[in-house]
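**Student:** We have chain A already, so just place chain B on it with the hints.
2 protein chains.
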Amino acid sequence: MDVRALVEEKARTAKAASRNLALLSTKVKNETLLQMARGLEEKARLILEANRRDLEQARAGGSSRAFLDRLTLTDGRIEEMAAGLRQVAALADPVGEVLRMWRRPNGMEIGKVRVPIGLIAVVYEARPNVTVDTVGLCLKSGNAVILRGGSEAIESNSVITQILAKAMEKTGVPPEAVQFIDSPDREGVRILLTLDRLVDLLIPRGGEEFIRMVVQEATVPILKHDKGLCHVYVDQRAPLDMALEIAANAKVQRPGVCNAMETLLVHQDEAATFLPRLAKRLREAGVELRGCPRTQALLPGIASATEADWATEYLDLILAIKVVDDLDEALAHIARHGSGLAEAIVTSDYARARRFLQEVDAGCVFVNASTRLADGREFGMGAEMGISTSKLHARGPVGLEELTTTKFVVYGSGQLRE
Amino acid sequence: MDVRALVEEKARTAKAASRNLALLSTKVKNETLLQMARGLEEKARLILEANRRDLEQARAGGSSRAFLDRLTLTDGRIEEMAAGLRQVAALADPVGEVLRMWRRPNGMEIGKVRVPIGLIAVVYEARPNVTVDTVGLCLKSGNAVILRGGSEAIESNSVITQILAKAMEKTGVPPEAVQFIDSPDREGVRILLTLDRLVDLLIPRGGEEFIRMVVQEATVPILKHDKGLCHVYVDQRAPLDMALEIAANAKVQRPGVCNAMETLLVHQDEAATFLPRLAKRLREAGVELRGCPRTQALLPGIASATEADWATEYLDLILAIKVVDDLDEALAHIARHGSGLAEAIVTSDYARARRFLQEVDAGCVFVNASTRLADGREFGMGAEMGISTSKLHARGPVGLEELTTTKFVVYGSGQLRE
Numbered sequence: 001m002d003v004r005a006l007v008e009e010k011a012r013t014a015k016a017a018s019r020n021l022a023l024l025s026t027k028v029k030n031e032t033l034l035q036m037a038r039g040l041e042e043k044a045r046l047i048l049e050a051n052r053r054d055l056e057q058a059r060a061g062g063s064s065r066a067f068l069d070r071l072t073l074t075d076g077r078i079e080e081m082a083a084g085l086r087q088v089a090a091l092a093d094p095v096g097e098v099l100r101m102w103r104r105p106n107g108m109e110i111g112k113v114r115v116p117i118g119l120i121a122v123v124y125e126a127r128p129n130v131t132v133d134t135v136g137l138c139l140k141s142g143n144a145v146i147l148r149g150g151s152e153a154i155e156s157n158s159v160i161t162q163i164l165a166k167a168m169e170k171t172g173v174p175p176e177a178v179q180f181i182d183s184p185d186r187e188g189v190r191i192l193l194t195l196d197r198l199v200d201l202l203i204p205r206g207g208e209e210f211i212r213m214v215v216q217e218a219t220v221p222i223l224k225h226d227k228g229l230c231h232v233y234v235d236q237r238a239p240l241d242m243a244l245e246i247a248a249n250a251k252v253q254r255p256g257v258c259n260a261m262e263t264l265l266v267h268q269d270e271a272a273t274f275l276p277r278l279a280k281r282l283r284e285a286g287v288e289l290r291g292c293p294r295t296q297a298l299l300p301g302i303a304s305a306t307e308a309d310w311a312t313e314y315l316d317l318i319l320a321i322k323v324v325d326d327l328d329e330a331l332a333h334i335a336r337h338g339s340g341l342a343e344a345i346v347t348s349d350y351a352r353a354r355r356f357l358q359e360v361d362a363g364c365v366f367v368n369a370s371t372r373l374a375d376g377r378e379f380g381m382g383a384e385m386g387i388s389t390s391k392l393h394a395r396g397p398v399g400l401e402e403l404t405t406t407k408f409v410v411y412g413s414g415q416l417r418e
Numbered sequence: 419m420d421v422r423a424l425v426e427e428k429a430r431t432a433k434a435a436s437r438n439l440a441l442l443s444t445k446v447k448n449e450t451l452l453q454m455a456r457g458l459e460e461k462a463r464l465i466l467e468a469n470r471r472d473l474e475q476a477r478a479g480g481s482s483r484a485f486l487d488r489l490t491l492t493d494g495r496i497e498e499m500a501a502g503l504r505q506v507a508a509l510a511d512p513v514g515e516v517l518r519m520w521r522r523p524n525g526m527e528i529g530k531v532r533v534p535i536g537l538i539a540v541v542y543e544a545r546p547n548v549t550v551d552t553v554g555l556c557l558k559s560g561n562a563v564i565l566r567g568g569s570e571a572i573e574s575n576s577v578i579t580q581i582l583a584k585a586m587e588k589t590g591v592p593p594e595a596v597q598f599i600d601s602p603d604r605e606g607v608r609i610l611l612t613l614d615r616l617v618d619l620l621i622p623r624g625g626e627e628f629i630r631m632v633v634q635e636a637t638v639p640i641l642k643h644d645k646g647l648c649h650v651y652v653d654q655r656a657p658l659d660m661a662l663e664i665a666a667n668a669k670v671q672r673p674g675v676c677n678a679m680e681t682l683l684v685h686q687d688e689a690a691t692f693l694p695r696l697a698k699r700l701r702e703a704g705v706e707l708r709g710c711p712r713t714q715a716l717l718p719g720i721a722s723a724t725e726a727d728w729a730t731e732y733l734d735l736i737l738a739i740k741v742v743d744d745l746d747e748a749l750a751h752i753a754r755h756g757s758g759l760a761e762a763i764v765t766s767d768y769a770r771a772r773r774f775l776q777e778v779d780a781g782c783v784f785v786n787a788s789t790r791l792a793d794g795r796e797f798g799m800g801a802e803m804g805i806s807t808s809k810l811h812a813r814g815p816v817g818l819e820e821l822t823t824t825k826f827v828v829y830g831s832g833q834l835r836e
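So the sequences go chain by chain: A and B.
Read in our numbering, the first sequence has 174 at position 174, and its numbers run on one by one without any break.
With the second sequence counted from 1, adding 418 to any position gets you our numbering.
Isolated chain A (complex conformation) (with noise of 0.2 Å):
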């Protein structure tokens, strides 16, 4: 069977058990994502095997520390991927919801009703906690979903998801509305891409080269997991101490991920304290520094940050600084450079705060916390899809209420457009 055959095919199959999916009781859902949980926890050695194989493969094939990061599982990444699906158990159920309900003057009554949205698909590269957020996630919403991960996380992912269809058998639910295309070549996810009679959804999640190649070649909708360049911005007399702590958790808890800072700005004001403190700690972490002008006068012998730094999502322990006049520069540097998936201020002056978080157009905006925080386990919203940097549909976390869509359910006694 050729690759677009098989593609079609698997889509096909998963959109005819999306059905099944829709009408699925909560207590099924519920019951399904427990016993994966168990099952992750139960073959947790099986698949810390598997992810071992996977990442000799990459260090062999050189691929960068971020790369790796995210590619890695541990025992306390699979108990976060239990756990997340006992979360997303726990959470209320978004189908049937009524968001509103109202009467009209001519007697009929409109009720905004929660619905699956039907075939989700998911194209993922390295880390193989996707793939069960994801099945969680859209188990839990009612939607069948066609995943084709990494050819680098191959091994993992098999086992994965051979743990997560037993559970689905189970439980009595239709495993073929999960369907997994293993096919390696990017073949398979050109043909998805097109596939818009079937698929009403997907999820393209990876570096800035490949959104863009899903952007100009997708007829099916998509939800943007674009690039995360974020700024923490250190206003004019915040307080020091805690800039400190929110810029050195946002470089580096965790550099690999969408949500870490990868440009400080700071106010003129603060720069002379401010930024060797900064220095001394970042350094003492092992970052590397670039630096506008007036940085590197203030933290002699460190490379100078050119254009392209404004621009770059490091993904590692590299920091780009620059120290700039006032709020309104900040705001403009952050409009022109930010890719709209979180920015923060820290600030102790109240006006100042309320600028930032109205005017900067992003998916999530801070005052005094970490921009690590934007994530929908953070934000109580359980297990994510990762980010949208979407304007439409959603934007930010991406969690259960956003993998639904909704119809208006119209209860007359014969009415009729006059």
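If you are wondering where the hints come from, they were derived from the structure by calculation, not from laboratory data.
The structure displayed is predicted, hence computed values, not measured ones.
Don't take each hint at face value.
What the hints assert, rightly or not - Below, simulated DSSO-like cross-link-like pairs (lysine-lysine); rule was C-alpha separation at most 30 Å, straight line:
id	chain 1	residue 1	chain 2	residue 2
1	B	Lys642	A	Lys112
2	B	Lys530	B	Lys584
3	A	Lys43	A	Lys170
4	A	Lys224	B	Lys530
5	A	Lys224	B	Lys642
6	B	Lys588	A	Lys112
**Tutor:** Frame of chain A; chain B shown alone:
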């Protein structure tokens, strides 16, 4: 200046103005809408004269009845446009609405807030009222807009847009936020479709073939207004008097629009009683009937409905009729041929009403009411930008709320990612 440079320049200008639009007070926006309504009424003669020139041109070009209907303005329709603007002014401003706000265990407070989308492009064909509805809705929702109307309505649109611009000048709203492309060729549309760095949303309104072209070529996010292939199903033991009124209304009241009925499905037990009554009523209204073999047996002399008829949006006084065995057959027919816009059942049975509401996958699902009521104004949402058949972002009538997106605003006190 060539077309590409011109379209890009207009998009860039509108995008720059979108920041001002997002910050307009509700008061200024409402005053502008009322000024616009007054302007349309005061200049009604001018509009009708321009419209007459468009109609003459279109008639000479041999346009269809449905097309001419959509192009035609009357005093009544101008009144409707003005009333629509006033209704939008009376609606709550969606911008700034806090949809939810909650506190996390770590003390940070998260709010989900409505914000404008940014720059919206609308590409449409004949209807000049779309110009007014679009500008009104985009203004109230704080979005800049770039419009590309059909060349057939160019005279009407030109007069209308001058009136709207004058109203904006009077209230100090930057008129650059509303841009019109009056280039008659398709090239301008094709360029708009790929300006994904400037255009945040494109709404295409037009025929099936046009929408298909847009889906294929667009790299900007789109909200589809696909065809409207709507069904009315007359159930076993349905109240037949009501069914007759609903069917006549859904077919005849304005056949040239997307929420008119195209196919009637009738339960086999009611066909012999219902179809002769329906045929009499619809023939008096000038409707041509086409039927399945069982329909033909009951209505001698009518043309046979072929497979193509079930898939055709006539937008005209033509109706396809099919006798079905039961609700299951009706649901299967709708699942296969429906366009997901509006579907109706006429029934007296509680359980079957419920099944229809749950199982039909469409933006608007009606029990005992006409599909013609699938409409923003009829739903109480004010003027609409048509009816979305997309599943993402907005489904059904697209009103003010659907023209906004959200952002998460986070109020912290030093929170970090653990």
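**Student:** Can you confirm whether the C-alpha distance between lysine 530 of chain B and lysine 584 of chain B stays at or below 30 Å?
**Tutor:** violated (36 Å)
**Student:** Straight-line Cα separation of lysine 43 of chain A and lysine 170 of chain A no greater than 30 Å?
**Tutor:** Between lysine 43 of chain A and lysine 170 of chain A the Cα gap is close to 16 Å, so the pair holds against 30 Å.
**Student:** Are the Cα atoms of lysine 224 of chain A and lysine 530 of chain B separated by 30 Å or less?
**Tutor:** Holds, at about 19 Å.
**Student:** For lysine 588 of chain B and lysine 112 of chain A, compute the direct alpha-carbon distance and say whether it is at most 30 Å.
**Tutor:** violated (38 Å)
**Student:** With a cut-off of 30 Å on the C-alpha distance, tell me whether lysine 642 of chain B and lysine 112 of chain A pass.
**Tutor:** Roughly 19 Å separates the two Cα atoms, so the pair holds.
**Student:** Taken at face value, is the distance from the CA of lysine 642 of chain B to the CA of lysine 224 of chain A at most 30 Å?
**Tutor:** This hinted pair holds, its Cα atoms lying about 18 Å apart.
Checked against the numbered hints given earlier, the structure breaks hints 2 and 6 and satisfies all the rest.
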